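So the sequences go chain by chain: F and G.
The first sequence begins at 1 in the numbering used here and counts up by one.
The second sequence begins at 1 in the numbering used here and counts up by one.
Hint data in this document are derived by calculation from the structure and do not stem from the laboratory.
Bear in mind the structure is a predicted one, so any value in this text is a computation, not a measurement.
Careful, some of the hints might be misleading.
Unchecked claim - Label-pair restraints from in silico Cβ distances:
| no. | chain 1 | residue 1 | chain 2 | residue 2 | range |
| --- | --- | --- | --- | --- | --- |
| 1 | G | Ala258 | F | Lys64 | 42 to 48 Å |
| 2 | F | Tyr39 | G | Thr400 | 49 to 55 Å |
| 3 | G | Gln409 | F | Arg58 | 32 to 38 Å |
| 4 | F | Leu63 | G | Leu283 | 57 to 63 Å |
| 5 | G | Glu219 | F | Val95 | 21 to 27 Å |
| 6 | G | Leu82 | F | Ser76 | 26 to 32 Å |
| 7 | F | Phe129 | G | Ala410 | 43 to 49 Å |
| 8 | G | Gly221 | F | Thr127 | 52 to 58 Å |
| 9 | F | Phe70 | G | Ala410 | 58 to 64 Å |
| 10 | G | Glu219 | F | Phe70 | 51 to 57 Å |
| 11 | F | Thr128 | G | Val216 | 33 to 39 Å |
All C-beta atoms in this analysis are idealised placements derived from N, C-alpha and C, irrespective of residue type, glycine included.
Below, each chain spelled out in residue letters.
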Amino acid sequence: MKIKSKKQKKSYSCVEEKKYYWLRYIIPALLFYVVFMAYPLLDSLRLSLYTGNTINSRTFVGLKNFIVLFTDPQKSTRYWSAFGNTWIFFLINMVMQNCLGILFAVILTNRTMKGRQFYQTIIFIPTTFAVLVTGYLWKLLLNPIWSGPTLEKIGLGFLAQPYLGQSSTALISCTLVSCWQWMGIPTMMFVAALRNVPEDCIEAAEIEGANSRQLFARVKLPLIKPTVGMVSILTFVNNFNAFDIIFAMENANGAPEYSTDLIGTLFYRVGIAGQHPIGIPDTGLGAAIATITFFVLALGVVPTLKATQGGDN
Amino acid sequence: MKKGRICFVLILSLVLLFPIIAGGTEENVNDEKVVLTLESWRADDVAQWNNLLAEYTNEVAPNVEIQFKPTNPPDYNATLRLKLDSGTAGDLLYARSYATGQELFNAGYFYDCSDIPGIQDAFIESSKAPWQMADGKMFAVPFAAVSHVVYYNKDIFAKEGLDIPTTWEDFLSVCSKLKADGITPLANGTSDEWDIFECFFCGILPNFIGGADSRVQYENGTKKLNDENFVAAYQAMADIAQYCPNGFSAVTYNDSQALFATGKAAMFMDGSWTLGVYGDEGLNWGVFAMPAPKGKNTAICFHPDTAITMNPATEHPEEAKAFLAWLCTKEGATVASNNMAVGFFPMLNEEITLSNDHANECLALNAGKETDARFVWPALMDLYSPMDQAVIKVMKGQQTAKQAADSIQALLKAEN
Numbered sequence: 001m002k003i004k005s006k007k008q009k010k011s012y013s014c015v016e017e018k019k020y021y022w023l024r025y026i027i028p029a030l031l032f033y034v035v036f037m038a039y040p041l042l043d044s045l046r047l048s049l050y051t052g053n054t055i056n057s058r059t060f061v062g063l064k065n066f067i068v069l070f071t072d073p074q075k076s077t078r079y080w081s082a083f084g085n086t087w088i089f090f091l092i093n094m095v096m097q098n099c100l101g102i103l104f105a106v107i108l109t110n111r112t113m114k115g116r117q118f119y120q121t122i123i124f125i126p127t128t129f130a131v132l133v134t135g136y137l138w139k140l141l142l143n144p145i146w147s148g149p150t151l152e153k154i155g156l157g158f159l160a161q162p163y164l165g166q167s168s169t170a171l172i173s174c175t176l177v178s179c180w181q182w183m184g185i186p187t188m189m190f191v192a193a194l195r196n197v198p199e200d201c202i203e204a205a206e207i208e209g210a211n212s213r214q215l216f217a218r219v220k221l222p223l224i225k226p227t228v229g230m231v232s233i234l235t236f237v238n239n240f241n242a243f244d245i246i247f248a249m250e251n252a253n254g255a256p257e258y259s260t261d262l263i264g265t266l267f268y269r270v271g272i273a274g275q276h277p278i279g280i281p282d283t284g285l286g287a288a289i290a291t292i293t294f295f296v297l298a299l300g301v302v303p304t305l306k307a308t309q310g311g312d313n
Numbered sequence: 001m002k003k004g005r006i007c008f009v010l011i012l013s014l015v016l017l018f019p020i021i022a023g024g025t026e027e028n029v030n031d032e033k034v035v036l037t038l039e040s041w042r043a044d045d046v047a048q049w050n051n052l053l054a055e056y057t058n059e060v061a062p063n064v065e066i067q068f069k070p071t072n073p074p075d076y077n078a079t080l081r082l083k084l085d086s087g088t089a090g091d092l093l094y095a096r097s098y099a100t101g102q103e104l105f106n107a108g109y110f111y112d113c114s115d116i117p118g119i120q121d122a123f124i125e126s127s128k129a130p131w132q133m134a135d136g137k138m139f140a141v142p143f144a145a146v147s148h149v150v151y152y153n154k155d156i157f158a159k160e161g162l163d164i165p166t167t168w169e170d171f172l173s174v175c176s177k178l179k180a181d182g183i184t185p186l187a188n189g190t191s192d193e194w195d196i197f198e199c200f201f202c203g204i205l206p207n208f209i210g211g212a213d214s215r216v217q218y219e220n221g222t223k224k225l226n227d228e229n230f231v232a233a234y235q236a237m238a239d240i241a242q243y244c245p246n247g248f249s250a251v252t253y254n255d256s257q258a259l260f261a262t263g264k265a266a267m268f269m270d271g272s273w274t275l276g277v278y279g280d281e282g283l284n285w286g287v288f289a290m291p292a293p294k295g296k297n298t299a300i301c302f303h304p305d306t307a308i309t310m311n312p313a314t315e316h317p318e319e320a321k322a323f324l325a326w327l328c329t330k331e332g333a334t335v336a337s338n339n340m341a342v343g344f345f346p347m348l349n350e351e352i353t354l355s356n357d358h359a360n361e362c363l364a365l366n367a368g369k370e371t372d373a374r375f376v377w378p379a380l381m382d383l384y385s386p387m388d389q390a391v392i393k394v395m396k397g398q399q400t401a402k403q404a405a406d407s408i409q410a411l412l413k414a415e416n
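Looking at chain F on its own, in the form it has when it is part of the complex:
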């Protein structure tokens, strides 16, 4: 590194005089980030301390929104149930998506694998569909009214259950549909990472007599650790903010009996749409839910980043 920077200094001597020459290169991105990301984020944190819907009627209430959220029996029940469901949703996604993603990636990068392009496409195709489309299709497939007759014809009539109507199966069904749809992303990322594992490392390990399991656990996995971390963070952030799949397959209430109610749907109901049929949102309370989610995400992301990214770079 040091040698390199010395070289740079020599060749760009005019730049060297200005200490913060790099700043101007990041100004466009920084401006964009501040205006469209940082400011709205901070403003929504600020909103959580206010009540009232209109800009004119907004009044400062301190931490009252948070206190109401956790002490009002109805609201806190809804919050904790959504919080728990979100963790279940995230954990199932994390385990299913990423374990299967690595498995598929290892199979797809195997040198003896035939028809790799074909399988790769199959795995990736659901990712390109709109969530509303896949959600609706699965909603029909999982509905005994529509799938029942077909299933009975092939002797699988017992499978025709109202999966999306029973509170015991609804959340798992939605989660698995989400896994099915987004499986392609981690798979592709792992495939790309595994292809970048230097050939000489693998050869060296093979010469040392490592079997394929050791090769994966001791050589490939440590080398793709940053990707594993990145994918985990993406899974965490995306699924902790999940909303669309539930909205498409159930409704914004997290039917049945709030069993599929996630933080995302709760936030939508409280802060954006309002509870049917009145439909008047409470933006302050909504912002309070968003703020807590923001801190939960930060608490999850920062340690994962530290553990997997830094390293020898």
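Chain G: place on chain F using the hints.
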């Protein structure tokens, strides 16, 4: 090279200028007519409203053009609120009844319509009440009401030799006969949650607990929400669960409609707003009143649904008010109801004949019966979700009728 560049700049500036020139001429045309927009949740009624509004422009107010701008029904309240907050809402607005509307009036977003000519005499008190503040101010002009009835497949009834049930007990025996013959008696499901409560439970409720007078007693605490009448109503939901489609917990409102329309289910408890959906080709259907248990009078859930008001921030208040006043005249209401979607009934205190047979059949069911709004709307809107959940739990057998009624009464106590 240079020439080319000049050419390019010239063309570019022409292209850039074009919209400005074109826009200018367009604006000149607009100046002649006052254009108002009407916000609505009836996304299905674009054609009907365009006819109605064209008629208004052609025959009543040639200088006014009203454009119909509907929003997806479930999003209407939130979208309207957002638009009102940011000052981009239309000039005329659909107004929800009771608390939802009152809240927007209190926030200063609905015009005080009390002085619209004709509004005070054109409607009877019970039609005005849903859009009235406690002090008697009207925040919208009543426009349409919906009814709740049982849709039934006449062919299936004829084939099975069934008569229209007049009591709840008859209704249950009709259901059990249909089920014994392998026909799904009821199309209703619970997946979407709102329909089982609004169409079904609120529809049968007046039969069990009585009409408006009785509702007021529940609201002021004279009667308890877990008295025997209420328990009987929940029990009715428990009783009919077995007659809903297999796996009814995953059946959505659209599924229910499809089941009824394809003749896979014999009956469907629904609102009158779908009277225009099924048509008469391929399906021979009719409607009857949701029956009351033996010894009680059949009452109808006739819900005040739609009113229209003015946005106080409009730039053309005179034109907007003139339109509202026109809706209060018999002439206006007749034009409106002739163009209105089937199943929305005019609320004007005048005899207005409808052009659709099914609509007349449905409205005729009201004759001589007590009618009332959906139970929770007038004063107990906070109980909407808990009652909805209680009904679903009772249907799924997770709660007894008594437990459901007790849990709702307990909530009411906790609030007071």
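Verification of the hints:
no.: 1; hint: G:Ala258 x F:Lys64: 42 to 48 Å; in the structure: holds (47 Å)
no.: 2; hint: F:Tyr39 x G:Thr400: 49 to 55 Å; in the structure: holds (54 Å)
no.: 3; hint: G:Gln409 x F:Arg58: 32 to 38 Å; in the structure: holds (36 Å)
no.: 4; hint: F:Leu63 x G:Leu283: 57 to 63 Å; in the structure: holds (58 Å)
no.: 5; hint: G:Glu219 x F:Val95: 21 to 27 Å; in the structure: violated (51 Å)
no.: 6; hint: G:Leu82 x F:Ser76: 26 to 32 Å; in the structure: holds (27 Å)
no.: 7; hint: F:Phe129 x G:Ala410: 43 to 49 Å; in the structure: holds (45 Å)
no.: 8; hint: G:Gly221 x F:Thr127: 52 to 58 Å; in the structure: holds (56 Å)
no.: 9; hint: F:Phe70 x G:Ala410: 58 to 64 Å; in the structure: violated (22 Å)
no.: 10; hint: G:Glu219 x F:Phe70: 51 to 57 Å; in the structure: violated (31 Å)
no.: 11; hint: F:Thr128 x G:Val216: 33 to 39 Å; in the structure: violated (57 Å)
Comparing the model with each earlier hint shows violations of hints 5, 9, 10, 11; every other hint is respected.
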